[in-house]
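Model the placement of chain B on the given structure of chain A, informed by the hints.
If you want the building blocks of each chain, they are given just below.
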Amino acid sequence: MPLLTVKNLTKSFGGLTAVSNVNMNIEKGELVGLIGPNGAGKTTVFNLLTGVYVPSSGTIELNTKGKPVVLNGLKPYKITKAGIARTFQNIRLFKDLTVLDNVRIAIHHEVKYGLVPAFFRLPSFGREEKEIYEKALKLLQIFRLDGKKDELAKNLPYGEQRRLEIARALAANPDLLLLDEPAAGMNPNETAELTELIEWIRKEFNVTILLIEHDMSLVMKICERIYVLDYGMVIANGVPEEIKKNKRVIEAYLGEEILNA
Amino acid sequence: MNNILKAKNLKALIGIILIYVIVQALIMVGIVDDYYQILLVMICLNIILSVSLNLITGFTGQFSLGHAGFMAIGAYVCGYITVTVKQEFSFLIGIFAGAIAAALVGILIGIPTLRLKGDYLAIATLGMAEIIRIIILNVEAVGGASGLSIPQYANWTWVYIFTVATIVLLKNFINSTHGRACISIREDEIASEAMGINTTRYKVIAFAIGAFFAGVAGALYSLYFYFIKPDQFGFMKSIDILVIVVLGGLGNIRGSIIASILLATISSYLQEYPELKMVIYALVLIVIMILKNKDMTKFKKFITEKILRRQTAV
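Quick note, the sequences are listed as chains A and B, same order. Using my numbering, the final residue of the first sequence is 256, and nothing's skipped along the way. Using my numbering, the final residue of the second sequence is 349, and nothing's skipped along the way.
Chain A on its own, in the form it takes in the complex (with noise of 0.2 Å):
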């Protein structure tokens, strides 16, 4: 059974169709593109997988644990717990708030204390708030961003904030991780660096990963599959080595350069 599986996903806005009968299917372990000329309807899918937005038809069903939960209509939050995190598009980071408390965050939905031990700093505040503060630096270190945790977030240089966010999508411990466009901004050498550390994500994390990429030097390199989105609908769908032949797909970005990775 895929960890994913999308059917038929529509989305309209008054007139506009967004996002058109859209199927996808993705196996755990996977790591997965999502690529399409802008306006495409990439965020949209995000969006529609995460919460933000609810399907106008169509069935979006998470299979974590061998029993699948549809994910229509849920919100966010419920969303994250059954096991999927994001990144945004244009990082919507705690701007004021510090490295430490920004990871901190993402950990909340697991940790179990209520609001009485918050109170009056009861044993099992003191022993939660412990792991919770190891288990963020940890994850700081891997991310190399420990040196910086009493940071706020606004002063990070962009590309360390790109790396917070996902450092923080995965604290959120999930089995399928949604990037949004990771490498926008970044120059050939922090691209290369960015594409070193999804592979190595997928492994050390054991996360599945469906990522929305203009950047094709990293499509074509990592993912296993790609999925092309053109005006809403799926126009190809298979590994690298074929959407880069594809007719269709090359008209939709209109200039074979862009293929040329």
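Keep in mind the hints are simulated off the structure, nothing from the lab. You may find that some hints are simply not true.
[What the hints assert, rightly or not] As a list, the in silico DSSO-like pairs of lysine-lysine whose alpha-carbon atoms are at most 27 Å apart:
{"id": "1", "chain 1": "A", "residue 1": "Lys76", "chain 2": "A", "residue 2": "Lys60"}
{"id": "2", "chain 1": "B", "residue 1": "Lys43", "chain 2": "A", "residue 2": "Lys144"}
{"id": "3", "chain 1": "A", "residue 1": "Lys70", "chain 2": "B", "residue 2": "Lys43"}
{"id": "4", "chain 1": "A", "residue 1": "Lys76", "chain 2": "A", "residue 2": "Lys144"}
[As the list claims (entries may be wrong)] Simulated coverage check for chain A against chain B, where a stretch passes if three residues somewhere in it have a Cβ under 8 Å from a Cβ of chain B:
{"id": "5", "stretch": "26 to 39"}
{"id": "6", "stretch": "79 to 85"}
Please read these numbers as outputs of a predicted model, since none were measured by experiment. Cβ atoms here follow ideal geometry from the backbone N, Cα and C, with glycine treated the same way.
Quick look at chain B alone, frame taken from chain A:
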């Protein structure tokens, strides 16, 4: 990490006890007379009110213009219980009943209104506080427009204890995973939900906790000042509290405490000039806000060079 906490806590505990001992001593010697005791109580109530409103507006980012409404519920529930149940420590029951009643109303109102944001939420909370005030106005059992008389059961010691408890409890809440959840809502609600936080639940929690402590303040007010009536808890009271919070800094507890002391003192001093009181108060607020935000380096340079006649390094 635990050892560091213990040392900090010890210092805080000593500070808290020291303040109390010093003030008590001053009272016994007679330096702190009735006038100053009233001022102390006003400061403490301001602290409770501003710190609790800060949780809702400063930390969770929910614009609330109805804090006086919660205070009113605390005052009236406590007042009614204290006056009807003539038992030895009924006033303590009154305080907790008032606070819990305020919290319940906070939850009741929070659930439908928390879909609203910014100005719309402010208007809804303002309306809620007015509704509470008008309902109380029409309840004959608590005196209606003529008000309710309550014997003075609270003294400065009780008020101080509740104030310290409020500060400690709210600080504990904020520095916990639940507090962080609330703060993340202020920072970016969409990202907060995406990270697994039930934002609606935490907005309601923030309102309930803020309302609880406003209820405590209202109850203490009713137990100290002999007499309560509905128009003491109107829109202007909500604004007064909000002014303290903004002056001290949204999301800044120490700021709320300092601002509470400052504004209660200024307000109390201005009682001697009833005609000009509001004008001077407003002017003082404006000056403080300007000075607070201005870059003080130019001003400091001016003072050092011109007044103190010292050359500063170029």
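For each hint, the structure was consulted:
1. A:Lys76 with A:Lys60: holds (13 Å)
2. B:Lys43 with A:Lys144: Holds - the C-alpha atoms of Lys144 (chain A) and Lys43 (chain B) are around 22 Å apart, at most 27 Å.
3. A:Lys70 with B:Lys43: violated (41 Å)
4. A:Lys76 with A:Lys144: Holds - the C-alpha atoms of Lys144 (chain A) and Lys76 (chain A) are around 25 Å apart, at most 27 Å.
5. 26 to 39: Answer violated; 0 residues pass the 8 Å Cβ test.
6. 79 to 85: holds (count 3)
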